Amino acid sequence: MTAVLEIQGLRKTYRARGGPRRALDGFEMYVEAGQVHGFLGPNGSGKTTTLRTLLGLIKPDSGEMRILGHELPRLLPEVVGQVGAIVESPQFFGHFTARDTLSLLADAGNLPQSRVDWALELVGLRERAKERVKTYSLGMKQRLAVASALLKQPKLLILDEPANGLDPGGIREMRDMMATLSAGGMTVVLSSHILGEIQLICDSVTIISLGRRVAAGPVAEVLQAHSSGQLRVALETPADLSAAAQVLVAGGFDLKANEDHLLMSGVDKPALVARLLAERQLYVSELTPVTADLEDVFLELTGTAPVPGQVRSVDQSVRPELTPQNGVGA
Amino acid sequence: MSLVRAERRRFFKRRLTRWLVPIGILLLTGIATALFFVHSKPTAEARAAAEVRAEQAYQQELGYFEQYKAECEKHNNGQPCQGPGRENFPVENFMPPSFDFKGMFQPLLLIWASIIGMIAFVLGATFIGAEWASGSMMNLLTWRPKRMSVLGTKLTVLLGSVTAIALTTLALWTAALWATGVYRGTTDGLTSGVWQSFGLSALRGLALILAFAVLGFGLASIGRHTGLALGVALGVVIVGQIGLRIVLELAGVKFADQYLVPMHIFAWMDKEAVLQDWSGAVSCDQNGCNAPEMVLTWQGSGSIALGVIAVVLVLAFWQMRRRDIS
Ligand SMILES: Nc1ncnc2c1ncn2[C@@H]1O[C@H](COP(=O)(O)OP(=O)(O)O)[C@@H](O)[C@H]1O
Ligand SMILES: [Mg+2]
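These protein sequence lines are chains Z and R, in that order. In terms of my numbering, the first sequence opens at residue 1 and continues consecutively. In terms of my numbering, the second sequence opens at residue 1001 and continues consecutively.
Any given hint might turn out to be false.
[Unchecked claim] From the structure, some residues in chain R lie toward chain Z, with a derived Cβ separation under 10 Å:
1) R1005
2) R1009
3) R1015
4) A1130
5) G1135
6) L1140
7) R1147
[Unchecked claim] Here are the simulated DSSO-like pairs of lysine-lysine, each with C-alpha atoms no more than 30 Å apart in a straight line:
8) R:K1146 / Z:K155
9) Z:K130 / Z:K155
10) R:K1041 / R:K1102
11) R:K1271 / R:K1254
12) R:K1146 / Z:K134
13) R:K1146 / Z:K59
14) Z:K269 / Z:K256
15) Z:K59 / Z:K155
16) Z:K134 / R:K1013
17) R:K1013 / R:K1146
18) R:K1013 / Z:K130
[Said to hold, decoys possible] Which chain R residues stay away from chain Z? Per the calculated CB distances, all over 10 Å, these:
19) H1039
20) K1069
21) E1092
22) T1163
23) A1179
24) V1194
25) R1204
26) G1280
27) D1285
28) A1291
29) V1295
It is worth saying that the hints were derived from the structure and are not from the lab. Values in this document were obtained by computation on a predicted structure and should not be read as measured data. Every residue, glycine too, gets a C-beta built ideally from N, C-alpha and C.
Taking the hints into account, I'd like the entire structure generated from these sequences.
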């Protein structure tokens, strides 16, 4: 598959009031065509900085970027017509209506005005399109932003925290819309810190922490690579649980006995467990790998899992060592 | 070209444009109406009435003279004292004012240029300032990443639109003054040379208006802020000018007015402005007194303005080129 988006060794240090602030530190990212790609990271990890840099709004200190094979930022003007983007809840001029706003953008991008109604329809704003943006709710503004990004009918759609401010229904609609768009061949990059959403709609993810990539690849692979490899075992007769434990320990397995099940770790082949027990007439009623979800992986990798009795500061996350084997799908 | 269309639409869609331009026209209309009604045509009745009043005034003056004649001659060692002459009471002085289009057009251009210039400044500042402040500039740059050309296009559209507004209002203003001349005075003496000179003055007025627009635009782009901030900045400039004047005067600086913006605007519009230094070597004769003079020419004032505008624009474009937009 071809990479629609490639980033290598991206570095950016802001000159901020409190001294220089390193926002991106050798970040990399690859997105393949036709995928919905989740771009995950805690607050302040550098997601917005990455997307702004891609769009030419910020000059990086160093690094290579390509969109659809075009080197950035040099060739951005050539490719920008195929990239629809919203960066961090974009603001619009409050006194214009949604339709005016989009219509002006369509003019600026030399697009037919017919796209305006199409985009408004797509995000469910058609009926309120004649109202001033100032009077919109956060979620409606967010929809308008998505509409403005869709106006170009882009090959690559970049959305920075699109679920911000949306109600649950809105989030679901957004999810469905993205599925439709991606089915139509559009590549979608979606930054978020709302992980349940990402897991449901993304084909692949990149996880960033303090400006560096900590994991990347198809969702299933990331989950597997970082899942605990634990196995939950229950028996038809709970009374046999201790006998089973003895058998398995003798077989060289690590396990923890619980009241109604055994929790084994480091199991490669669950079938082996079932056979070992069956040979002793111990019959398994449940044999399930304990899966991590994206949230667990995220919290583990970024080191932002809450610790009771501690308040975490925003910049307190894990900065991984820069090694080539970070991530999977590169 | 598509960006030009979008920006032009945006310019005329803005609330401020839709308010300020009519307000400007209203102001000009008010002034033109006042000018119309304080002037009147020299009719035969008016002339007759004026002649009566001239005669009355002469007689009154003569009466005073007769009263003090004896005393005057005593002081004058018996020489006869001169009474008031009838020719000093011309009937014109007693006529209601009549509007002379040829004489008035040029000085009154300053009214049009300063009102529209002020509006151009605010429109220029908010046109870009509101874009920056609202984040729509960032949005636009994700559509048109060539920053220099975006800023350049915006500036061009601003200048084009302001020119349209200026020329429209100039046409209205000229028409109003013309009508005042026709109905309340005279439009005589308009040779092609006079019209040519009017045209050049109007061009200088237009240039003044555009200069204000560019300054507002440039400053707001540098400050990345709304027109409101620039309104404040404008206030600071005015206060600064008054303060500067006081300081310069206290310091005894000669020709202090040459450091003040309004003097240069006068010089620009009237081709020159003459400053007098009454603290200097003043010489008097029977015709009055003369103080040392300093002449500000329109070329000089224009060059200064051009320099300031160039600096502001270079800064604005340079900053646009290199800054991070976040
Ligand atoms: N304009 C800026 N000036 C200085 N520091 C900034 C600026 N923008 C972002 N940062 C800093 O860079 C880091 C990354 O920010 P950002 O990319 O916005 O994170 P995210 O979008 O992942 O929440 C943060 O520490 C933030 O404080
Ligand atoms: Mg962000």
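Now the hints, each set against the structure:
1. Hint status for R1005 (chain R): holds, given a least beta-carbon distance of 5 Å to chain Z, under 10 Å.
2. With a least beta-carbon distance of about 6 Å to chain Z, the hint placing R1009 (chain R) at the interface is held under the 10 Å criterion.
3. Proximity of R1015 (chain R) to chain Z holds as hinted, the smallest CB-CB distance being about 5 Å (cut-off 10 Å).
4. Because the closest C-beta pair between A1130 (chain R) and chain Z is about 7 Å apart, less than 10 Å, the hint holds.
5. For G1135 (chain R), the interface hint holds, since its Cβ comes within 10 Å of a Cβ in chain Z; the closest pair sits about 3 Å apart.
6. Annotation: interface hint on L1140 (chain R) holds; nearest CB of chain Z at approximately 6 Å, less than 10 Å.
7. For R1147 (chain R), the suggested interface contact is upheld, since its CB lies about 8 Å from the closest CB of chain Z, less than 10 Å.
8. Taking the CA atoms of K1146 (chain R) and K155 (chain Z), the gap is about 20 Å. The hint holds against a cut of 30 Å.
9. For a cut-off of 30 Å, the pair hint linking K130 (chain Z) to K155 (chain Z) stands: about 29 Å separates their Cα positions.
10. A threshold of 30 Å between alpha carbons decides the hint, and for K1041 (chain R) with K1102 (chain R) the separation of about 15 Å falls inside it, so the pair holds.
11. Of the pairs offered as hints, the one joining K1271 (chain R) and K1254 (chain R) holds, with about 22 Å between alpha carbons and a cut-off of 30 Å not exceeded.
12. At roughly 28 Å between alpha-carbon atoms, K1146 (chain R) and K134 (chain Z) fall within 30 Å of each other, so this suggested pair holds.
13. For the given pair, K1146 (chain R) sits about 14 Å from K59 (chain Z) by alpha-carbon distance, which is consistent with the 30 Å threshold.
14. Between the alpha carbons of K269 (chain Z) and K256 (chain Z) the distance comes to roughly 18 Å, so the proposed pair stays at or under 30 Å and holds.
15. The suggested pairing of K59 (chain Z) with K155 (chain Z) holds, with an alpha-carbon distance near 24 Å, which does not exceed 30 Å.
16. Restraint check for K134 (chain Z) and K1013 (chain R): the C-alpha separation of about 15 Å stays at or below 30 Å, so the hint holds.
17. At most 30 Å may separate the alpha-carbon atoms for a hinted pair to count; K1013 (chain R) and K1146 (chain R) meet this at roughly 24 Å.
18. With a CA separation close to 14 Å, the supplied pair K1013 (chain R) and K130 (chain Z) stays within the 30 Å bound.
19. Annotated as non-interface, H1039 (chain R) keeps its C-beta farther than 10 Å from every C-beta of chain Z; the closest such distance is 42 Å.
20. The non-interface label for K1069 (chain R) is consistent with chain Z: the shortest C-beta to C-beta separation is roughly 77 Å, beyond 10 Å.
21. The claim that E1092 (chain R) lies off the interface holds: its Cβ sits roughly 55 Å from the closest Cβ of chain Z, which is beyond the 10 Å cut-off.
22. Taking the minimum C-beta to C-beta distance to chain Z, about 21 Å, the non-interface status of T1163 (chain R) holds against the 10 Å cut.
23. Annotated as non-interface, A1179 (chain R) keeps its C-beta farther than 10 Å from every C-beta of chain Z; the closest such distance is 37 Å.
24. For V1194 (chain R), the requirement that its beta carbon stay farther than 10 Å from each beta carbon of chain Z is met, with the minimum near 44 Å.
25. Every CB of chain Z lies more than 10 Å from the CB of R1204 (chain R), the least distance being 35 Å, so the non-interface label holds.
26. Residue-level check passed: G1280 (chain R) sits 52 Å from the nearest beta carbon of chain Z, beyond 10 Å.
27. With a closest Cβ-Cβ approach of about 65 Å to chain Z, D1285 (chain R) is found to remain outside the 10 Å limit, as its non-interface label requires.
28. Interface exclusion of A1291 (chain R) from chain Z stands, the closest Cβ pair being 54 Å apart, more than 10 Å.
29. Non-interface call for V1295 (chain R) relative to chain Z: holds, since the shortest CB-CB distance, roughly 47 Å, exceeds 10 Å.
Checked against the numbered hints above, the structure violates none of them.
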